[in-house]
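Enquirer: This is what each chain is made of:
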Amino acid sequence: MNYTEKVMDHFMSPRNVGKLDTYNAIGEVGNASCGDIIKLYVQIDENNIIADISFQTFGCGAAIATSSMTTEMVKGKHIDEALKITKDQVAEELGGLPANKMHCSNLAADALHKAIKDYKAKNGIV
Amino acid sequence: MNYTEKVMDHFMSPRNVGKLDTYNAIGEVGNASCGDIIKLYVQIDENNIIADISFQTFGCGAAIATSSMTTEMVKGKHIDEALKITKDQVAEELGGLPANKMHCSNLAADALHKAIKDYKAKNGIV
Amino acid sequence: MEKRIYLDNSATTPVRPEVLEAVYPFLTEHGGNPSSRHKEGRIAKTAFENAREQVAHAINCQTKEIIFTSCATEANNSVLKGYLSGLRGKVVKNHIITTAVEHPSVFATAKALEKDGYEVTFLPVDKFGRIDLELLKSSIKENTGLISVMMVNNETGNIYPVKEIGKIASEKGVLFHIDAVQAIGKVPVDVKEIGCDFLTLTAHKFYGLKGAGVLFVKWGKWTAPFITGGHQEKNRRAGTENVVGVVGLGKAIELAVSEQAEESERLRKLRDHFEKRVLEEIPYTRIVGDPDGRVSFISNISFRFIEGEAILLKLDYEGIAVSTGSACSSGNLEPSHVVTAMKIDPEESHSSIRFSLGRSTTLEDMEYTVEKLKNIIQQLRSFSPVYDKFITQNQKESDRRVQ
Amino acid sequence: MEKRIYLDNSATTPVRPEVLEAVYPFLTEHGGNPSSRHKEGRIAKTAFENAREQVAHAINCQTKEIIFTSCATEANNSVLKGYLSGLRGKVVKNHIITTAVEHPSVFATAKALEKDGYEVTFLPVDKFGRIDLELLKSSIKENTGLISVMMVNNETGNIYPVKEIGKIASEKGVLFHIDAVQAIGKVPVDVKEIGCDFLTLTAHKFYGLKGAGVLFVKWGKWTAPFITGGHQEKNRRAGTENVVGVVGLGKAIELAVSEQAEESERLRKLRDHFEKRVLEEIPYTRIVGDPDGRVSFISNISFRFIEGEAILLKLDYEGIAVSTGSACSSGNLEPSHVVTAMKIDPEESHSSIRFSLGRSTTLEDMEYTVEKLKNIIQQLRSFSPVYDKFITQNQKESDRRVQ
Ligand SMILES: Cc1ncc(COP(=O)(O)O)c(C=O)c1O
Ligand SMILES: Cc1ncc(COP(=O)(O)O)c(C=O)c1O
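Protein chains in written order, with our numbering: chain G, 440 to 565; chain Y, 440 to 565; chain P, 1262 to 1664; chain C, 1262 to 1664.
What the hints contain is simulated information worked out from the structure, not anything from laboratory work. From a predicted model like this one, the values you see are computed outputs, not experimental measurements. The beta carbon of each residue, even a glycine, is placed where N, CA and C say it ideally should be. Any given hint could be a false lead.
[Unchecked claim] Listed next, the in silico DSS-like pairs over lysine-lysine satisfying Cα-Cα at most 27 Å (straight line):
#1 P:1657 to G:458
#2 C:1376 to P:1376
#3 C:1530 to P:1376
#4 P:1372 to C:1482
[Unchecked claim] So the derived label-pair ranges between C-beta atoms look like this:
#5 Y:563 to C:1629: 53 to 63 Å
#6 C:1661 to Y:445: 41 to 51 Å
#7 C:1480 to Y:534: 28 to 38 Å
#8 C:1375 to P:1375: 23 to 33 Å
#9 P:1389 to Y:534: 51 to 61 Å
#10 G:517 to P:1628: 46 to 56 Å
#11 P:1375 to C:1433: 35 to 45 Å
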């Protein structure tokens, strides 16, 4: 039921918060009625490396912590590698999440995939 | 629910217990399956006064106390006066009885009435 | 020990020292069963029955009208289900009227009964959480058997007009049940004056122990025993009596009711001061509930653009205990049925925090809480996408206006 | 304080010091609701879940198989009624098998279900209180859904062959419920080894507090929630958790099970010595129950020609607490259904006293009790009309023989 120490750490001191000054990809998932909205701002460089990333999150502790964790996990990674990151990996990296939070509040990886896929489509990358 | 002090007194130190050496009337009520048997031994003198009385009781605290109380109440009384004594009066004299004991365990007055009526019938008293 | 500010007294209250003192002998030398005939039993019985008198005195009824239960949830189940099993085989009176804002112990139970083929009307509420008495009246039909309305709502603190409902119910010959869990010790609760047939309480909302509750059943009225077996509570609730819980409940209700007027006033001042500061110093906040008809110890405030749990956790870290929506449904992620019934918009429905004050609450606590809140709300909004969007739009609009 | 000898441990046990120590923090500084997300809530939750582990360990099951209830009576009601509501609308499996000697929480509930149109078989017992396994087997029919048999009888101490019943039940695909209230801490209780689907316990029989019970539900098996409302106990038992009761239960069961083997042996010696002396030194006495299959802490003895309550009161006056028949039906005047089922003759059925030993019991206690009993029995018989008749008849017969 309770959050792990790592979740609490990412929740209390979230990494990469806010909106990047410059970004070339955005991914947003969730909606207010389910209580979670996660928006990622991503700066992808010419080698398709995630040079910088930040998040805005409306949501519970788990939503904020998973957002923060996801940005940390993918910063500096090639976008194709980043696409391989799953929600389960994010939860695992945080030492686990309460069962009722696994599904609804662990959306950051989805937002990331969305951002990358949009970027790829826009830039004709396959 | 609990017994009054007076009930406990009559239960712990019952008056007039056992079987009189001489008696000319007996009254028995109750049966083992309902858990109460009361038997009174009565010595009625030529003036129809209860000269002596004793009881044997198989039963709970209330049954023993009401038996004891009844014998005290009627000793020295004329049988016609004794016949007027009711179970409610016995209970009252004891300061009350728990509701569930009023009915089943308060039988001594009945036994007394039986003894006197038998005596009257046998001796042709009307 | 770390300093803590406990503002979750609607969820549960700690045991107060006088209650501990009252129950202590029954945790040590007096271990008897009230149903036993020996001295140990009689001591337990006497204390147990003394608690019954304390309750009867507190709500102005007779001792024989009190049934002790394990909690209000059991008592509410007993009324709703027991009332119905009293009807077994009869087709009439299978309609219940309740509200859309009841505690789950009534709400979910009524929903379950509905599934079982009974007819239930859930009275809607307006955006302040108020019910419409005219609607209640007109909802009563030939087959209406029971009205169940809470006295004080556990999420908003709204007070419902139970006296008026009692009048309507008795005019129409319908039984009336009140869930008074959040009312006792907070407003006067007098069953004679109200005129109800059933009323439920739970000890742990007024500084008693968790695990002891009360079901008042007006003399002459009847519900089928819900828990069957032994002869306890005159065959109306079987099971060995919870001596410690009930003795504690007795002491707690005696104190709660005797201190009610003064304590309510004290908390009203603290609560009003707190709300004034929050509404003035933190933008985009508002009171959830009926501003004109609330108990004085609950403050439900929505902080737009942020989700409640995040606020709760940050406050907790700062030493302040609060809850989001109903504590009873905190295992859940949905906004509560109460907030939903009030038609608060989905985003805001996730943003509300319930501050519930209690005996330990001081002015310093409330000042400290305001200060911490200001930081926390500002910080959480700083990375809220909803806030960002709102501000950006506002900016555009004001830019447009300026042009 | 007056010296008391408490020989009514089957009715209830006092709270043991280790349990008080375990619950004390939750009566003082830790007042939180386990469902709350803040620190106060987490502290309560942790202790509460720790108790669940203690119970799971004690009866050898998984923590998710444990539901905490307010008492065994509630748990027994939950199984019998919840099992049935799981069947709602289905005609099959509406037959329950139980025994004629169950505790009222099963017996009376089964009787009530019978009235509601369910089919119930009450297995008879012999004069020792034993059931016939062959009869049980042959009672199972196409529509049998549940077998409910207690592990240890609360009046006689008889141990029932639950392992054999478990085997029969699983062979026939019938659910099996055990009321293990009087068994835990007295004999080993291992749900895996027994192979049951439901099992119930109550804390106050093993030195926990009154008001906390356990319902074990084998994983994958199901009963409809009995008390509905909040999400507590994974929606299987609504109502704010009784933290003090459950934390105490956890500690109590841990100790009871770890001390079981040694304590049972200690009590067996005391009990056997007591019974030997009583049977030898007081005429017209005998053991009620199965001499070859009883737990070691109960001694039910009939003292012919006297009614039990009189003995109880006299013993109480001498400082000794005992009970007549079942403590649970002591509001009643009838001989218990258990004694009736054993076909003990009516007069003797009123004459039995249950001595139930416990942690506090010493050899001196038992010696003292024998001495007091001798006087009391003699005194009460001295004015028993039944005794008088018996002696007179015996006298006549022996006179006849002499002539
Ligand atoms: C065998 C048995 N089952 C069930 C119970 C009921 O326990 P409780 O009264 O705690 O519900 C008892 C004791 O009262 C008992 O002895
Ligand atoms: C209004 C209301 N009714 C009923 C309950 C149920 O009380 P309990 O959980 O003690 O059964 C609560 C609190 O939980 C409540 O706030």
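Enquirer: Against each hint, give a clear statement of whether it holds in the structure.
Expert: Hint by hint, here is what the structure shows:
Annotation: proposed proximity of residue 1657 of chain P to residue 458 of chain G holds, straight-line Cα distance about 18 Å (limit 27 Å). With a C-alpha separation of about 24 Å, the suggested pairing of residue 1376 of chain C with residue 1376 of chain P holds against the 27 Å cut-off. In summary, the hint linking residue 1530 of chain C to residue 1376 of chain P is not supported, as the alpha carbons are separated by about 57 Å, beyond the 27 Å threshold. For the proposed pair residue 1372 of chain P and residue 1482 of chain C, the alpha carbon gap of about 24 Å is at most 27 Å, so the pair holds.
A hinted range of 53 to 63 Å holds for the C-beta pair residue 563 of chain Y and residue 1629 of chain C, which are about 57 Å apart. In this structure, residue 1661 of chain C and residue 445 of chain Y meet the distance hint of 41 to 51 Å, their C-beta atoms being roughly 45 Å apart. Look at residue 1480 of chain C against residue 534 of chain Y: about 58 Å separates their beta carbons, and that is not inside 28 to 38 Å. Checked against the hint of 23 to 33 Å, the pair residue 1375 of chain C and residue 1375 of chain P passes, with Cβ atoms roughly 28 Å apart.
Against the hinted window of 51 to 61 Å, the Cβ-Cβ separation of residue 1389 of chain P and residue 534 of chain Y comes to about 59 Å, which satisfies the hint. Distance hint check for residue 517 of chain G and residue 1628 of chain P: the Cβ-Cβ separation is about 52 Å, which falls inside the suggested range of 46 to 56 Å. Between residue 1375 of chain P and residue 1433 of chain C the Cβ separation comes to about 37 Å, which falls inside the hinted range of 35 to 45 Å.
In this structure, the hints that do not hold are numbers 3, 7, in rising order.
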